[in-house]
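Starting from the structure of chain A, add chain B where the hints point.
Protein chains: 2
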Amino acid sequence: MDAEIIAVGSELLTPLRLDTNSLFLTEKLNSLGIEVRLKTIVGDDRRRLAEVLRAALGRSAIIIVTGGLGPTEDDVTREVFSEVLGRGLREVEEIRRQIEQRFRQIGRKMAAINLKQAQVPVGAEWLENSRGTAPGLWIEHNGAQIILLPGPPRELKPMFEARCVDRLTRIVPQGRLVTRVYKVAGLPESEVDERIAPLYKPYTNPVTTILASPGEIEIHLRATAPNEEEAEKLVAELGRKIEQELGRSIFTSCGETLEAVVGRLLREKGKTLAVAEGSTGGRIAERLTRQPGSSEYFLGGVVCYSHESKAQLAGISPDLIPSEGSVSQPVCRALAEGIRRKTQASLGLAVTGLSGPSGATTEKPLGLIYISLAGEEGSEVREFRFTGERERIQELASQTSLNWVRKKLLQ
Amino acid sequence: MDAEIIAVGSELLTPLRLDTNSLFLTEKLNSLGIEVRLKTIVGDDRRRLAEVLRAALGRSAIIIVTGGLGPTEDDVTREVFSEVLGRGLREVEEIRRQIEQRFRQIGRKMAAINLKQAQVPVGAEWLENSRGTAPGLWIEHNGAQIILLPGPPRELKPMFEARCVDRLTRIVPQGRLVTRVYKVAGLPESEVDERIAPLYKPYTNPVTTILASPGEIEIHLRATAPNEEEAEKLVAELGRKIEQELGRSIFTSCGETLEAVVGRLLREKGKTLAVAEGSTGGRIAERLTRQPGSSEYFLGGVVCYSHESKAQLAGISPDLIPSEGSVSQPVCRALAEGIRRKTQASLGLAVTGLSGPSGATTEKPLGLIYISLAGEEGSEVREFRFTGERERIQELASQTSLNWVRKKLLQ
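As given, the protein sequences belong to chains A and B, one line each in that order.
Just so we're aligned, residue 0 is where the first sequence starts under numbering that gives the first Met the number 0, counting upward by one.
Just so we're aligned, residue 0 is where the second sequence starts under numbering that gives the first Met the number 0, counting upward by one.
Pulled out of the complex, with its shape left as it was, chain A reads as follows (with noise of 0.2 Å):
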């Protein structure tokens, strides 16, 4: 069964507000196996909304209209439904009393504009608001269910657990929708993709969606089934093929970031990192120390941004940097090796590279990332030339690293 929400309010039409409703309420839907095909966003904007809403009707099962149900001027959504379904407007009496009795107990005078919240849509059921004037409606119209929602989150969401996810169950066919998330780092997206595609196209069902940022892919497996556990067999016979095909590239099949599954790996094998971040200034820790519980096995490090600081704070031989240049393998080498010494860490991380945009030179272009990795068993230099903005390359070199720390421990 197919639902779409339309947000109402003009400020959601600004550089400053998203509609972040729509999140809680796709996952409430989901959850009860109902898809969210389409989210439109409009003004307090009669013409529009009627629009919307007529395209809507076409189409759309199940449609959630949040916003626009308080007293002022500006909110017509009770109106412009009243007109394009074709349904007068009735007082009711009881949210009347409800709504004077709300201005009594804050002990303020109510403005007649506020009685407007008493209308309703002939045929509507309304839906107490326990925490504001604006009470919600349930409208079924021509077979679809129309639910209006007033656009506070805080009296949204309350609204809708207490008065439509239980009716919507009883409504829609027994169904649940199962979501897994696998993220892989290491293969660019039309690696990923090309390598998949041959397992994932013959199922409808899960759904399968990739999603590519700097150095990290997402594949979300979507499936429906008449109840929870035959779609979770349908994910995970999917979800085995991709296993299989791509390996230890992926990092977690349930959503976690790169850094709380490194985080996680540390701990479960007693072993701790420190790390000297040249061109990544800082990336690396800040992302381990964002995980709670991070300092059992993060020590710490250095950021060795300047060339002095290397020898300054990592303690390698300030010899080194003059012969062979600060982003080089054998100095990328010494931090990593430095600062485990220092730390006494199991492991040693330092990446030193050009993430620009300038100090590029024609043997040394913007780009090349050093990384080295230093263990009990000696210690590692890989060399990467990553291609674009300053941004992406540090955040392609700190997930890279992160990524090569995780394999380590996988070793």
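One or more of the hints may lead you astray.
Chain copies aren't distinguished; within one or between two, either way the pair holds.
[As the list claims (entries may be wrong)] Derived lysine-lysine pairs resembling DSS-like cross-links, with alpha carbons at most 27 Å apart: (1) K363 / K108; (2) K406 / K108; (3) K156 / K27; (4) K156 / K115; (5) K108 / K200; (6) K108 / K240; (7) K240 / K200; (8) K115 / K200; (9) K200 / K232; (10) K407 / K270; (11) K240 / K407; (12) K240 / K406; (13) K407 / K268; (14) K268 / K406.
I should point out that these hints are in silico values taken from the structure, not numbers from a laboratory.
Frame of chain A, contents of chain B only:
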């Protein structure tokens, strides 16, 4: 002139993702005097995308579509537009060459599927993508301007700036909107609003909006006028009053980040900075090194996340921690002085504290943060008690630290 934005991508209909590109686009469009009247979010779904496009063609002079231009099976925008507009697809030799070249540069084999991106609807102009393989498209159709942009923000933003802004400026009738963004640090939202409300209340043009995030308040002034000069004048009049009231608590009047302001001041004053980060775990270094050219003034530092690393890396006396505790005024001061001495920076900044969730005691509660700043004339330590979750505490600590450096540099 009215615009609407259509965001394409099934991931934008999950509980995990919001379309944030439209915020950037709305800001740019508004500044040209173009209002966004509608936003639609649609999945990788040919039928619904076609429906949405047909509706848009009937009502909007400018239609901006984001996403779905990539190389995978999911990416249907190009095909759907070619169908609905009744224009065939043709391969553009130059795009093909650029895609092939891009893959050669990064030294990867190109999957054949990537060539899909060289297919362009007949009569469309293509917009070069400086940061990815998917070109944008600009189609004039029955008087409407249809602009197709790639979904990733890092590709979309520069493309829109470089290829669309000027062209739209020539198309839209005169009438300009000017926005000024002040940012304030070191004051709570309620105080900012209390102090400036009497100033902005009398004005309906500019419109004032206040937005708060941890440690930072934004004040947006938006004025409309027949031309830019008059709009600027309207903004400047109210702006002056706000600047007078808030003084140096305002760190920018043009939307800069705090780290950019600190970087600019360090450069202007010919000073350098090094940091020793305990509870902020690399956040301050990460923010400073986001700025291109930060190696001129940011020397680096240490992330002394574990107790031991405070002695090992920052060179403070190992006796100090057992006697004072690692979260203490003397240790924080020693860290600031130590990192300054080690790196020979003009200013040494240190942060140590308890960002939670564990580690708190009765004497040292969660949210206790010490910040110290050391310079030529000596060092100072300040004690803060922040409330909230780990991430908020880390953010407040990094924001407060950078703001202190800013104020120091302004003295």
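Tested hints:
no.	hint	verdict
1	K363 / K108	between (57 Å within a copy, 23 Å between copies)
2	K406 / K108	between (52 Å within a copy, 24 Å between copies)
3	K156 / K27	within (10 Å within a copy, 33 Å between copies)
4	K156 / K115	within (22 Å within a copy, 43 Å between copies)
5	K108 / K200	between (61 Å within a copy, 22 Å between copies)
6	K108 / K240	between (59 Å within a copy, 24 Å between copies)
7	K240 / K200	within (12 Å within a copy, 62 Å between copies)
8	K115 / K200	between (53 Å within a copy, 18 Å between copies)
9	K200 / K232	within (18 Å within a copy, 59 Å between copies)
10	K407 / K270	within (11 Å within a copy, 41 Å between copies)
11	K240 / K407	within (24 Å within a copy, 59 Å between copies)
12	K240 / K406	within (21 Å within a copy, 57 Å between copies)
13	K407 / K268	within (11 Å within a copy, 45 Å between copies)
14	K268 / K406	within (13 Å within a copy, 45 Å between copies)
Violation of the numbered hints given earlier is absent; every hint is satisfied by the structure.
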